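> For reference, the chains in residue letters:
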Amino acid sequence: MLARELKKGSAELIILSIVEARARHGYEISKLIEARSKGEVKFHVASLYPLLYRLEERGWLKGRWVEKPGQRRRRFYSLTAEGHGVLEQQRETWQKFVEAIASITESSHA
Amino acid sequence: MPNWTKEIESRLGSLRLDPTREAEIIEELSQHLELRYLELRDEGVDEAAALALAREELLDEQSLAVRMRPLKQSNTSPTAAPGAPHGQRGRIEDLKQDLRLAARMLRKQRVLTLAVVATLALGIGSNGAIFALVDKVLLRDLPLPEPDRVLTIWESTEGTPKSPVSAPNLVDWIDRSESFEAIGAYPPGVFTMVMSGPDSAETVPRQWVSAGIFEALGVRPVIGRTFTKEDDVARSRLVVLAEDYWRTRFGADPAVVGQVLRLDGADYTVIGVVPAEAQLIGRTSLFGFRPIRGYPEGARRSYGLQTIARLKPGVSPEVARDELARIAADLAREYPTMNAGRSIAIEPLRDVVLGTDLKRTSLLFFAIVAFVLLICFANIANLLLTRNAARGNELAIRSVLGADRKRLVRQFSTENVVLATIGGLVGLGVAAALLRVAPQLIPQDLLPAGFALDFDWRIAAFCAAATVVVAALFTFASARQVIELSQTREGLSGTRTVTDRSSRTREVLVVGQIATAVALLYGAGLLMRTLIQVDGVDPGYRAASVLSVFVDPLATTPEATLQFYADISAELEGQPGVDSVAWTSDLPLGGAFNGQLFFEVAGQPVEPAERPLAGAQIVSPEYFRTLDLPILAGRGFDERDRADGPATCIVNRAFADRYVRGVAIGQTVLRWLAEASSDAPITCEIIGVAANHKIRPDDLVDPPLVYTSLARRTLDDIFMLVRPTSGDAAALIPAARAAIAKIDTQRLTSVTDVRTLETVARDATARYRFRATLVVAFAGLALLLAMLGLFGILAYSVQKRWREYGVRMALGARADDVIRLIARGAVRLILPGALIGAMLALGLGQLLGAMLFGVRAFDAVTITVVLVVLAATTAAAVAGPAFRARRVDPVGALRSE
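Line by line, the protein sequences are chains A and B.
Position 80 of the first sequence, counted from 1, bears residue number 80 in the working numbering, the numbering being contiguous throughout.
Converting from the second sequence to the working numbering requires adding 1000 to each position, the first position being numbered 1.
Just so you know, the hints here were simulated from the structure itself, not pulled from any lab data.
Everything numeric in this text was worked out from a predicted model, so none of it was measured.
Any given hint might turn out to be false.
Unchecked claim - So these bits of chain A aren't anywhere near chain B, every CB distance computed over 12 angstroms:
(1) L13
(2) H25
(3) R36
(4) E40
(5) S47
(6) E56
(7) E57
(8) G59
(9) W65
(10) P69
(11) T80
(12) A81
(13) K96
Unchecked claim - Quick list of in silico lysine-lysine cross-link-like pairs, BS3-like style, CA-CA up to 30 angstroms:
(14) K1072/B with K31/A
(15) K68/A with K1006/B
(16) K1406/B with K68/A
(17) K1072/B with K1096/B
(18) K1406/B with K31/A
(19) K1072/B with K42/A
(20) K1108/B with K96/A
(21) K1006/B with K42/A
(22) K1108/B with K31/A
In this text, a Cβ means the ideal position worked out from N, Cα and C, and glycines have one as well.
Required output: the full structure, derived from the provided sequences and hints.
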């Protein structure tokens, strides 16, 4: 239950961080999440895409169809300037949260 | 290969997606499932299991729709046009988002935004207003239909290439030529008539015109008709009203046509009303009819008419000129004594109406305002570059973290475009406001009548164009800077190289600003000195303060008029505080002579065609005493100089010195109305020589002048001069009015133009004052902006080098050393600026040449004053940052990073 709540709250942060470095398509995003979380976190198609579309509607992500020679066109998602701001903010919040948890748990060790 | 389309489609069915969008989603999700399926197959999963696992990605039937439903795209209005291209909508969304971001940024940096908008608004607004003037004077045609067809025709001789025209010659041109649709004429100069009602009199400006003048201009009557050839033959007394006068005085009553007005004691019938454009030939309320036919043949030598002609469609000016030249040659053969050697010249009416002085003034203003606009741009560019540099860290971090550079550039550009647009809009308002107050600021005679400076779409287009240029420039500059800043990872630690490069740009901008300001200040200084010179011109008379009143009584007989003046004089001179009262046809510094005659001195004949012109002024005996204008030799007028006495006159010193050999007193002056006239001359004997007085403040040489006694030649349009025993003559205004009212029991005399001679002198230099004031104001603005630019640079560099100063002071430098460092930085910018500015100034001085009086284009005094002003303001700009640097606390500065 807790895992699900955590995942829901952090889903946006996860997606934004994944596309921060460069634009990526949906399948790539889902594979990267899976790989980086060593299989701990996984998004299904039915949840990943509505989330991408939502971030796009908020103006944090921008989706663009890209055609490469000899391939079918694919939709790539990149971070907008606003998305950058949001990411930095969420990252900071998350960091603080993690630190807070860490210090709470550490103090229990002490 | 499985086909996922159906599966996904059925899951999206309950949503209200735009069909194009739906197709995109299906495509995207199918791709994903397909890749998943292929991956599973690669891993060795069998086909059925791979299909099932891939399908699992979609979870249950409802999941996708449930998660999609809250989205905007799942709720498109069914009325939305299906298939609207998404690309466009996306772009609009992006734009909206950029605008939101820009608005937020500009709100956050309120001071910067205000500074930029105010600077831009001032720059664009003042340019827009001046553009209105330039547009009217230099770019646009006269406000007449097909203005290219309208010409002025001059008579022309070898000595006078452009002379006014005589009525009989004009009539022959009209009757014999084929090239023109209409030709009309008018004697130049608007004078007044007294319009008397049952119990009042008012003075109305009147311009005499001939038949055909309105047709030549292409002006159609608003109501009624205009003058015709038949009127010319009948020589009837007719007037046409100017539209604005008809509206204000007659309440736009159409019944005015046919009405009879009593003007200067005679009855004139109103036959029509003409629109404002007709006033191109003179600012007037009435156009009185002046016949040009039926004059005696001798009038062929009386050249007093200005002509306007309209070419027939398709006839070129050259053809018309050749035809008229042929007619003039015929006339020269037919009237050899009067017309020998006389030909014609033509000139577009535009060139006649808009004189070179006006064109030069407009160009000067435009050049100066354009310079100021450039300084404004430089200042704003400086502000924005500084601001961007301050955001350098943010930019660098974002680009290191993978921010899309294009996106950054776009965001900065949006901010700049928004700034420029706001500035442009406010500037539009400033231009409109300036044009609203312009009529009060510009001297009345600067623009021809019928020329109003109004705010129209052309001004708006000009402001819009300026805004676009500004936006483009800023965007380009910022884009370059953003790219440079985001390219460098050193951004994280103070970005040495990039800030160096952009501070260099800023320094160049400041040097340019200083140079421009110096040049403008120099021009302003020259025009100021010119104004001081013309204001300080010795008018010639010594009276400290004299009141002048224009009196226009209803004329009966010369005797009655003279008595009327004498009664007023006697009444006024009996009042306390009045020293003397005099009457004159012309005012010193009044701008022009009322009349001029060709003359020679008896016994010193000159070629008839070479006879010089002298002003002809008519004065009462008290004139010289009232103005305190000394009689240098002989005597002034007295009771001996009567209508039935010997013909006497007084000449001024310029006349005596230049044209009379030997003692002037006792010699005879011969005068003619027209040049080369063979009529009997008007003769008079010189009884006195008076000191010179100025007619125009910028006359380099005093014009010769012949005075005639008022008793010999009585006028009924005359100036009354009243000199107080002491103090300001304006205090005598009530007494003067009361005296006239007491004598003029029937109230038939019009009294206008009540002002002191000091005011007359001021009005005479209004043009110089206007030019000087405007240029000084703009030069001041330029200096202020340049100094703000300098201040900005210094303040910024002090802030940047705070730590360095701290280190220096920690190592033993004193506060004075730090100040010296800053001052050196300022001098490094000021010196090249001043140098380039001085060179520009010399060029500007040359361009101003024709507008200067009593000052040379290279004026050491002015350049010195400019450099002193520059030094003083520089000190002020340096003081702030230097003061701040003095307080550097070495420890604090070192610890600050």
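> Work down the list of hints and note, for each, if the structure agrees.
Going down the list of hints, with the structure as the test:
1. Annotated as non-interface, L13/A keeps its C-beta farther than 12 angstroms from every C-beta of chain B; the closest such distance is 14 angstroms.
2. The claim that H25/A lies off the interface is violated: its Cβ sits roughly 8 angstroms from the closest Cβ of chain B, which falls inside the 12 angstroms cut-off.
3. Annotated as non-interface, R36/A keeps its C-beta farther than 12 angstroms from every C-beta of chain B; the closest such distance is 16 angstroms.
4. Every C-beta of chain B lies more than 12 angstroms from that of E40/A, the closest at about 18 angstroms, which supports listing it as non-interface.
5. Annotated as non-interface, S47/A brings its C-beta within 12 angstroms of a C-beta of chain B; the closest such distance is 6 angstroms.
6. A beta-carbon of chain B is positioned within 12 angstroms of the beta-carbon of E56/A; the least distance is around 9 angstroms.
7. The beta carbon of E57/A sits about 5 angstroms from the closest Cβ of chain B, which is not more than 12 angstroms, so the claim that it is off the interface is violated.
8. A cut-off of 12 angstroms between C-beta atoms contradicts the statement that G59/A is not in contact with chain B; the least separation is 5 angstroms.
9. The beta carbon of W65/A sits about 8 angstroms from the closest Cβ of chain B, which is not more than 12 angstroms, so the claim that it is off the interface is violated.
10. At roughly 17 angstroms from the closest C-beta of chain B, the C-beta of P69/A stays outside 12 angstroms, upholding its exclusion from the interface.
11. The non-interface label for T80/A is inconsistent with chain B: the shortest C-beta to C-beta separation is roughly 7 angstroms, within 12 angstroms.
12. Once the 12 angstroms rule is applied to beta carbons, A81/A is inconsistent with being away from chain B; the minimum gap is 5 angstroms.
13. Once the 12 angstroms rule is applied to beta carbons, K96/A is consistent with being away from chain B; the minimum gap is 19 angstroms.
14. The suggested pairing of K1072/B with K31/A holds, with an alpha-carbon distance near 27 angstroms, which does not exceed 30 angstroms.
15. For the suggested pair K68/A and K1006/B, the alpha carbons sit about 27 angstroms apart, so the restraint of at most 30 angstroms is met.
16. Note on K1406/B and K68/A: the hinted pairing holds, with a Cα-Cα distance of about 21 angstroms set against a maximum of 30 angstroms.
17. Distance hint between K1072/B and K1096/B is fulfilled; the C-alpha atoms sit about 16 angstroms from each other, no more than 30 angstroms.
18. A hinted pair counts as satisfied when its Cα atoms are at most 30 angstroms apart, and K1406/B with K31/A qualifies at roughly 28 angstroms.
19. As the CA atoms of K1072/B and K42/A are separated by approximately 25 angstroms, the hinted pair is consistent with the 30 angstroms bound.
20. Proximity of K1108/B to K96/A is assessed by CA-CA distance (about 27 angstroms); at most 30 angstroms being required, the pair is judged to hold.
21. Between K1006/B and K42/A the CA atoms are separated by roughly 25 angstroms; this keeps the pair inside 30 angstroms, and the hint holds.
22. With a C-alpha separation of about 41 angstroms, the suggested pair K1108/B and K31/A falls outside the 30 angstroms cut-off, and the hint is violated.
This entry does not satisfy hints 2, 5, 6, 7, 8, 9, 11, 12 and 22, going by the numbered hints stated previously.
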